[in-house]
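Number of protein chains: 2
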Amino acid sequence: MSYKLELNIDENHDDAKYFQIYRQIRDLIMNGAIPSGSKLPSIRMLAKDTDVNTLTVVNAYKMLEKDNLVYKKEGSGTFVLSKDEEILIGNDVLYFEPGELEFGYSYGDDIIDLSSSAPDPKLFPIRDFKNVMDKVLEEDGASAFMYQTSTGYLPLRKSLQLYSESYGIKCKEDDIYVVSGAQQGIDIIAKAMVRSGDYVFVETPTYSGAIAAFKSRGARLVQVSLYPDGPGIKELEMLVKQFRPVLFYAMPNFHNPTGYTYSERKKRYLLLLARKYNFKILEDDYAGDLNFTKTNIFSLKSYDNDNNAIYLKSFSKIFMPGLRLAYLIVPEEIRDRTADAKIASDISTSGLMQRVLRKYIDEGILERHTEYLKEELAVRYLEMVRAIRKFIRGGSLIEPKGGLNLWVKLPEDVSSVELYHKCIEKKVVISPGTFYNKGEMGLSHMRISFSGVDIEKIWQGVSIIGTEAEDIKNKNRK
Amino acid sequence: MSYKLELNIDENHDDAKYFQIYRQIRDLIMNGAIPSGSKLPSIRMLAKDTDVNTLTVVNAYKMLEKDNLVYKKEGSGTFVLSKDEEILIGNDVLYFEPGELEFGYSYGDDIIDLSSSAPDPKLFPIRDFKNVMDKVLEEDGASAFMYQTSTGYLPLRKSLQLYSESYGIKCKEDDIYVVSGAQQGIDIIAKAMVRSGDYVFVETPTYSGAIAAFKSRGARLVQVSLYPDGPGIKELEMLVKQFRPVLFYAMPNFHNPTGYTYSERKKRYLLLLARKYNFKILEDDYAGDLNFTKTNIFSLKSYDNDNNAIYLKSFSKIFMPGLRLAYLIVPEEIRDRTADAKIASDISTSGLMQRVLRKYIDEGILERHTEYLKEELAVRYLEMVRAIRKFIRGGSLIEPKGGLNLWVKLPEDVSSVELYHKCIEKKVVISPGTFYNKGEMGLSHMRISFSGVDIEKIWQGVSIIGTEAEDIKNKNRK
Numbered sequence: 072m073s074y075k076l077e078l079n080i081d082e083n084h085d086d087a088k089y090f091q092i093y094r095q096i097r098d099l100i101m102n103g104a105i106p107s108g109s110k111l112p113s114i115r116m117l118a119k120d121t122d123v124n125t126l127t128v129v130n131a132y133k134m135l136e137k138d139n140l141v142y143k144k145e146g147s148g149t150f151v152l153s154k155d156e157e158i159l160i161g162n163d164v165l166y167f168e169p170g171e172l173e174f175g176y177s178y179g180d181d182i183i184d185l186s187s188s189a190p191d192p193k194l195f196p197i198r199d200f201k202n203v204m205d206k207v208l209e210e211d212g213a214s215a216f217m218y219q220t221s222t223g224y225l226p227l228r229k230s231l232q233l234y235s236e237s238y239g240i241k242c243k244e245d246d247i248y249v250v251s252g253a254q255q256g257i258d259i260i261a262k263a264m265v266r267s268g269d270y271v272f273v274e275t276p277t278y279s280g281a282i283a284a285f286k287s288r289g290a291r292l293v294q295v296s297l298y299p300d301g302p303g304i305k306e307l308e309m310l311v312k313q314f315r316p317v318l319f320y321a322m323p324n325f326h327n328p329t330g331y332t333y334s335e336r337k338k339r340y341l342l343l344l345a346r347k348y349n350f351k352i353l354e355d356d357y358a359g360d361l362n363f364t365k366t367n368i369f370s371l372k373s374y375d376n377d378n379n380a381i382y383l384k385s386f387s388k389i390f391m392p393g394l395r396l397a398y399l400i401v402p403e404e405i406r407d408r409t410a411d412a413k414i415a416s417d418i419s420t421s422g423l424m425q426r427v428l429r430k431y432i433d434e435g436i437l438e439r440h441t442e443y444l445k446e447e448l449a450v451r452y453l454e455m456v457r458a459i460r461k462f463i464r465g466g467s468l469i470e471p472k473g474g475l476n477l478w479v480k481l482p483e484d485v486s487s488v489e490l491y492h493k494c495i496e497k498k499v500v501i502s503p504g505t506f507y508n509k510g511e512m513g514l515s516h517m518r519i520s521f522s523g524v525d526i527e528k529i530w531q532g533v534s535i536i537g538t539e540a541e542d543i544k545n546k547n548r549k
Numbered sequence: 072m073s074y075k076l077e078l079n080i081d082e083n084h085d086d087a088k089y090f091q092i093y094r095q096i097r098d099l100i101m102n103g104a105i106p107s108g109s110k111l112p113s114i115r116m117l118a119k120d121t122d123v124n125t126l127t128v129v130n131a132y133k134m135l136e137k138d139n140l141v142y143k144k145e146g147s148g149t150f151v152l153s154k155d156e157e158i159l160i161g162n163d164v165l166y167f168e169p170g171e172l173e174f175g176y177s178y179g180d181d182i183i184d185l186s187s188s189a190p191d192p193k194l195f196p197i198r199d200f201k202n203v204m205d206k207v208l209e210e211d212g213a214s215a216f217m218y219q220t221s222t223g224y225l226p227l228r229k230s231l232q233l234y235s236e237s238y239g240i241k242c243k244e245d246d247i248y249v250v251s252g253a254q255q256g257i258d259i260i261a262k263a264m265v266r267s268g269d270y271v272f273v274e275t276p277t278y279s280g281a282i283a284a285f286k287s288r289g290a291r292l293v294q295v296s297l298y299p300d301g302p303g304i305k306e307l308e309m310l311v312k313q314f315r316p317v318l319f320y321a322m323p324n325f326h327n328p329t330g331y332t333y334s335e336r337k338k339r340y341l342l343l344l345a346r347k348y349n350f351k352i353l354e355d356d357y358a359g360d361l362n363f364t365k366t367n368i369f370s371l372k373s374y375d376n377d378n379n380a381i382y383l384k385s386f387s388k389i390f391m392p393g394l395r396l397a398y399l400i401v402p403e404e405i406r407d408r409t410a411d412a413k414i415a416s417d418i419s420t421s422g423l424m425q426r427v428l429r430k431y432i433d434e435g436i437l438e439r440h441t442e443y444l445k446e447e448l449a450v451r452y453l454e455m456v457r458a459i460r461k462f463i464r465g466g467s468l469i470e471p472k473g474g475l476n477l478w479v480k481l482p483e484d485v486s487s488v489e490l491y492h493k494c495i496e497k498k499v500v501i502s503p504g505t506f507y508n509k510g511e512m513g514l515s516h517m518r519i520s521f522s523g524v525d526i527e528k529i530w531q532g533v534s535i536i537g538t539e540a541e542d543i544k545n546k547n548r549k
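Protein sequences, first through last, are from chains Z and L.
Numbered per our numbering, the first sequence spans residues 72 to 549.
Numbered per our numbering, the second sequence spans residues 72 to 549.
Because the hints were derived from the structure by calculation, they are not lab data.
Watch out, some of these pointers could steer you wrong.
It does not matter which identical chain is used: a pair holds within one copy or between any two.
Stated by the list, open to error - Derived pair list, reagent style DMTMM-like, types lysine to aspartate or glutamate, alpha-carbon separation capped at 20 Å:
1. K133 <-> D269
2. K193 <-> D211
3. K549 <-> D245
4. K193 <-> E209
Every value quoted in this text rests on a predicted model; they were computed, and no experiment measured them.
Model the full assembly from the supplied sequences, consistent with the hints where possible.
Okay, here's the thing in structure tokens:
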């Protein structure tokens with residue numbers, strides 16, 4: 072049964088008829104008169120009832136679709152979008168305010184930046200880098216500076232294949248594509264797989280850079296709620312059935328920003344769904360190797376027997392962000408499209424940097440450095456958790472036991488955006504949750520990272536956040 | 072006047088009515104019964120004549136549009152695409168065969184590669200690079216390895232502003248965006264400006280990487296014919312009026328592959344059109360500084376008083392391709408969109424490489440190296456022109472007097488694709504014209520580059536091409 076509409080079409084109105092229809096339905100949806108989930112009348116029916124041409128109704132419905140107020144379900148009609156599904160479509164850049172903070176733009180020394188998840192520059196292996204670079208220049212000379220094959224420098228791909236195997240992922244070197252950082256990896260998969268109007272699932276909250284890449288392709292985004300052990304199984308299958316996504320972008324281990332890790336069962340379940348409903352999963356394993364526990368945690372990809380997961384691994388967090396290096400493991404069926412997308416994006420990733428990374432892996436330096444980083448970060452993690460428990464009264468968090476960030480639920484009545492602005496004045500930078508979710512959840516959470524600052528600054532910073540949060544609470548109580 | 076159609080709709084046919092209409096019109100267009108350029112009947116008219124619902128006709132016309140057989144002109148109706156306009160729409164990757172050759176994939180030493188326009192590795196300033204890199208590591212340390220601001224490392228942008236000024240381009244440092252190579256520059260502008268269905272003009276022949284980037288955005292491409300002094304003025308204005316492009320991608324100086332340089336008059340004219348019809352020009356100045364004459368040649372951007380040109384300059388040709396460095400000069404009105412597109416593409420270009428480039432420019436090494444390169448390439452250019460005149464009988468070329476490539480018209484009856492395959496067997500790699508134009512022009516031309524090989528190999532290579540061309544001619548004569 073579809074919703075019954077009473078519209079008034081004025082023949083002499085300045086606005087075209089389709090625009091009158093569009094505006095009236097829009098207003099009815101916006102003020103709640105047509106509840107979300109309702110089916111709109113069929114085009115033929117509404118045309119008849121309002122005594123207009125069917126094309127007029129088609130045009131009105133198209134405009135509503137453009138506004139993300141309704142969606143078309145092939146073969147069954149046009150429905151009002153439910154707000155609970157939090158579907159984001161369009162090109163707003165809400166997630167990018169204030170843009171540069173998100174990406175480790177470096178402030179003066181007097182600023183405590185808890186917003187960037189880039190590792191502390193003090194931990195960068197500069198000396199190792201220089202040694203490796205010198206060797207590469209000596210051994211490879213000019214060939215290091217030529218264009219590289221688009222898929223990546225073959226010896227590096229061989230090293231990455233072994234590296235992946237050491238994390239329990241079986242793949243062939245032909246499955247591996249070297250890309251210029253994880254953001255490019257997401258963008259390339261978006262180019263290879265997503266066409267305008269396709270549905271892409273993302274977790275909520277999620278990484279804003281992924282949203283930007285998918286939106287740029289004209290994707291319709293459906294946000295999937297996340298629990299500490301992964302998405303809700305029943306909910307997810309319902310949404311998948313309804314929207315038939317082409318892709319699910321997920322961070323199953325130490326999810327950004329929540330720090331949640333999917334249970335093995337949910338990883339397997341998601342793969343099952345992908346097989347059953349024929350979509351791909353893009354696993355962004357940005358910090359899976361920063362596991363501070365003794366329990367092994369495997370990537371979703373390592374359970375993927377049917378080749379439905381695309382694996383994306385950045386070296387920004389465990390090597391250095393400024394080198395712009397990451398790699399993809401891509402199922403055979405989308406290999407060609409991935410290669411084309413890489414060529415159209417930037418032809419190839421710097422051959423010089425690829426050679427440096429290869430030597431860095433082959434000589435065991437990456438493994439050693441990752442271990443070192445893990446120990447360092449584990450200490451900072453514990454200190455930050457302690458500082459939060461001490462200073463942020465009324466706040467809460469679920470301890471991720473890995474990764475780079477903490478997702479902190481703020482005390483009641485404290486908005487993350489207000490807190491962000493107040494902290495900035497005190498020279499502390501946090502990431503308001505609105506970077507990752509533009510609803511209630513975003514307003515009530517902040518992400519703070521323990522990776523970019525030393526222990527002293529962690530305590531200082533969190534203490535200042537605590538004071539500012541108290542201030543806001545007190546002000547709101549008055 | 073629109074074309075009169077006689078269609079037969081069978082009520083009892085298995086196919087839906089819209090599909091019957093679509094199929095019949097499609098066949099009429101394909102077999103030439105409806106000439107290209109014709110206007111199809113209006114939707115209302117055809118619906119009446121064939122006794123169907125208007126929506127049915129709408130759907131049929133949509134399918135024809137999808138097939139690139141017709142196009143809609145806002146407010147005037149639906150027209151059959153003219154083959155002369157060589158409109159390319161869709162996602163075929165014809166231009167990318169064989170993909171990697173195009174991008175300087177390096178062969179064994181026994182191969183003479185005349186297909187890559189990357190400069191000869193022997194000319195790379197490796198020692199300078201190492202010195203500069205050492206200085207950067209010493210002075211900047213870890214900060215060189217952080218994420219960089221998306222728009223680029225500010226001191227480099229300042230240097231690039233002065234560098235642009237030295238080429239007669241006035242701009243502010245805020246107009247400058249550092250990108251990871253020219254291909255990414257094109258891709259970012261495509262992301263910032265082109266939406267699915269938008270018309271983008273390209274020259275024909277043109278660089279296949281640009282076509283790939285625009286197609287990936289769902290652009291409809293219109294190819295503009297090129298004369299040795301630029302596009303035909305009247306033709307161009309007609310096409311602009313008809314299609315209202317959002318963007319014209321052009322290489323006004325030492326165009327790739329033809330080597331043509333627009334006259335100053337045509338540069339100014341194109342800017343005039345851009346103002347009049349409200350589109351932007353993306354000027355890819357990939358080799359403008361490799362001018363072997365004593366006459367100054369200025370970029371189109373340097374004549375751009377109304378800010379309708381976007382300027383793109385790669386350092387792949389005059390520094391080293393493997394570093395992936397280029398920059399854009401972007402009019403203020405699209406700055407924000409450009410910044411968003413860059414973030415969604417790869418966040419930022421390697422900060423380390425940006426620092427190296429900056430020092431390289433500031434210390435005057437780039438200027439010195441460009442002069443050196445120009446002298447070296449001018450010699451190779453002259454030798455290659457001589458070799459062609461000697462060995463490729465019946466061929467012809469227009470001497471570009473700059474750049475990296477020669478565009479050679481092959482002797483009659485010699486197809487570039489056949490020649491390509493025959494030369495490969497003899498270990499000589501050329502670029503068949505079909506990389507740049509998929510019509511007659513592509514088949515009758517080849518591009519060979521004088522930048523990547525020394526004089527001995529130039530003579531050897533061209534002599535082998537000459538022999539193979541003779542062979543093909545003789546075979547065809549029999």
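Practice prompt. Output the numbers, in ascending order, of every earlier hint that fails for this structure.
Written response: The structure breaks only hint 3.
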